[in-house]
Amino acid sequence: MSSTTLAPPRSAVLRAAGLRHRPALLTLLAVMGAISLVLLVHGWYLHNGLDRTGAGSCDPASAACVEKFKRYLHQYADSMPMLGSVSYVLGGVFGAFLGGPLLAREFEHGTVRFAWTQGAGRTRWTAGGLVLGGAVLAVVAALFGLVLRWWSAPLELMGGQFHPDLFVQASPVLVGRVLVAFGVAALAGAVLRRTVLAVGLGLAASVALPFLSEAVRSHYMTPLDEPVRAMTSLAVDDRWVLSVWYTDPAGNRMSESAFYDLGGDYAHLQSLVHDGGYTMHEVYQPADRFWPFQWIEFGWTTLLAVALCAAAVWWVRRRAV
Amino acid sequence: MSADTVIDCGGIGKRYRRSWALRDCHLAVPAGHVVALVGPNGAGKTTLLSLAAGLTLPSEGAMTVLGDQLPGSPRALDRIGFVAQNAALYPGLRVRDLLAMGRHLNRRWDADRARTHLDGLGIPLDRKYGRLSGGQQAQVSLALALAKRPELLLLDEPLAALDPLARHDFMAVLLTAVAEDGLSVVFSSHAVNELEQTCDYLVVLTGGRVQVAGEVDDLLGGHRMLTGPTAQAQAVAERLPVVRDRRAGAQSHLLVRTGGVDAPVTGDWRQQRIGLEELVLAYLREPTASALPGPRGAVRTNEKVLLP
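Here the protein sequences line up with chains A and B, keeping their order. First residue of the first sequence? That's 1 in my numbering, and the numbers climb one at a time after it. First residue of the second sequence? That's 1001 in my numbering, and the numbers climb one at a time after it.
Worth flagging that the hints you see were computed from the coordinates, not collected in a lab. It is possible that part of the hints are untrue.
Every beta carbon over 12 Å from chain A, so not counted as near; a handful from chain B, in silico [said to hold, decoys possible]:
no., residue
1, Thr1005
2, Arg1023
3, Gly1042
4, Ala1235
5, Val1242
Covered stretches of chain A (in silico footprint by chain B; criterion: 3 or more residues with CB under 8 Å from a CB of chain B, positions within the stretch not fixed) [stated by the list, open to error]:
no., stretch
6, 15-21
7, 219-225
Here the structure is a predicted model, which means the values were calculated and not measured. Glycine included, C-beta positions come from ideal geometry on N, C-alpha and C.
Isolated chain A, as found in the complex (with noise of 0.2 Å):
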């Protein structure tokens, strides 16, 4: 009367968990699509204004300029740091808030006495849904984070790009945070099997993750060392000065605070760099290691996000209901 099929196995399991996680990934795309939409007109708006105080076409080093750009952080952009600092914290949010319910929710329902009875096996299926989750939310958080990354372009101006806020919005690094907080929500829901407490650890992650991060940025790749002889730093690109030290006219090196404690007031000290022999060190980090740092630290984060949802997979492969 009728015919049983054969069904071409790994690429159906992931339309299974298509079907499966829609709604939850239809959620995700609409939430983020209006959050992005806010952010486009607010984005307009601060962009319109840099444009018409003009401030952000002068040249930056001439004091004029930077009159005119504190006019227009004052007019347009007085919340800019606070919703900076939103923005860094909750950046990752997204990925827990996903990654929490994967596995939990089918605990706490019930559900995985059917998902791990077919014929695919529970191996398959909780890798197929973490492969799809992650992917859809690697995208997403790609599009977002050009998004972030426009919106927050004015504050680059006040910061530069390395500035902390700044660094974790741009593209590469926020998937490979987002990622992280996915992989350890995912794995909590397989070890705890509790979706509010999976998702809890998941936003942990996300906060922590990027001080854990600014914490080893600076040691991606040997800083470079530039002798100035000026107390302020001349270079107007966008480099990550990491310290400065000075050294004597001898030669001598001498740290920040020995080199203040010569005393006289800060003409003195700039006389001293100009005039008296002293030199000024400035370890940085060049401009156009933006890329490469971002790179550097998606590529960790991604491979720990990687880790800890192999990691759940085995959990859910050794453990029982």
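With chain A's structure known, arrange chain B on it following the hints.
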């Protein structure tokens, strides 16, 4: 290819933290039966079914299903349908999507069968699972399990949450499938009064051990209820294996195993056959009595065994 046992385990045990849900459990269920698994709450019924479905691993011993397959192996998963207690599926998904999921997740899939099944009951395919009635949800779960064209169907308390009409519909579909495919069914149940119409093989599980296992006809034919004067009861009880012994002032009732023939009693003693419900209740009230098949497969010898 057909295996001669659907569930075969010798000395299997499952421990959850400190307590044993199953302990030293010996069972060999032959193929081609509708098997009822009964027992008090906490007797290990769900655990036994979870082990057979490959959801749980045993703490000791081993189990094979469908002959020589390991539970949870790809070949076993392909050939076993499982309907969990409360038939939990994704409440936010439409019935149509659930069927599509089943099709994507199984190599053996009969989409027409599921569709015919649900259409026949008037269950709308574009309604969300969470908005169906309890009876309809159970039917969707059953349709998903039967569409795999399983050789063994495991059902955990399928009738517990259903009203009488829904129970009837559910068993009707199930027994039709049994008649069509000749599949084996193992289901756990509390509805002792309905067993006689539904099952032809009985397993009674008590305290994590198998107490009774056998074909319903053999079990019913192998037991007699003896009624006679209490004064002679002790003499009768010493001669025959007594399952349950109730002595009142004048008359006593002894449920004895006779091995398919009438009990050798005369005089003031009368004997009669009993129904399945009475038999099950008698064993449940006497957890130390047991009626197990003789040595075959993984099942150990039992000195009390009288059944062929």
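Minimum Cβ distance from Gly1042/B to chain A greater than 12 Å, as the annotation requires:
About 17 Å separates Gly1042/B from the closest Cβ of chain A, which puts it past 12 Å; holds.
inquiry  = Please check whether the beta-carbon of Thr1005/B is more than 12 Å away from every beta-carbon in chain A.
reply    = holds, 20 Å
Self-check item: Given coverage of the stretch 219-225 of chain A by chain B, tested with a Cβ cutoff of 8 Å and a minimum of 3 residues
Solution: Our answer is that it is violated, as 0 residues pass the Cβ test (under 8 Å) against chain B, missing three.
Original post:
For Arg1023/B, is the shortest beta carbon distance to chain A beyond 12 Å?
Top reply: At about 17 Å from chain A, Arg1023/B clears the 12 Å cut-off, so the statement holds.
| query | Was Val1242/B rightly flagged as not at the interface, with every chain A Cβ beyond 12 Å? | reply | holds, 40 Å
Report holds if the minimum CB distance from Ala1235/B to chain A is greater than 12 Å, and violated otherwise.
holds, 52 Å
Notebook entry, point to check: Residue count check for the stretch 15-21 of chain A against chain B: does it reach three with CB-CB under 8 Å?
Noted result: holds (count 4)
Checked against the numbered hints listed earlier, the structure breaks hint 7 alone; every other hint is satisfied.
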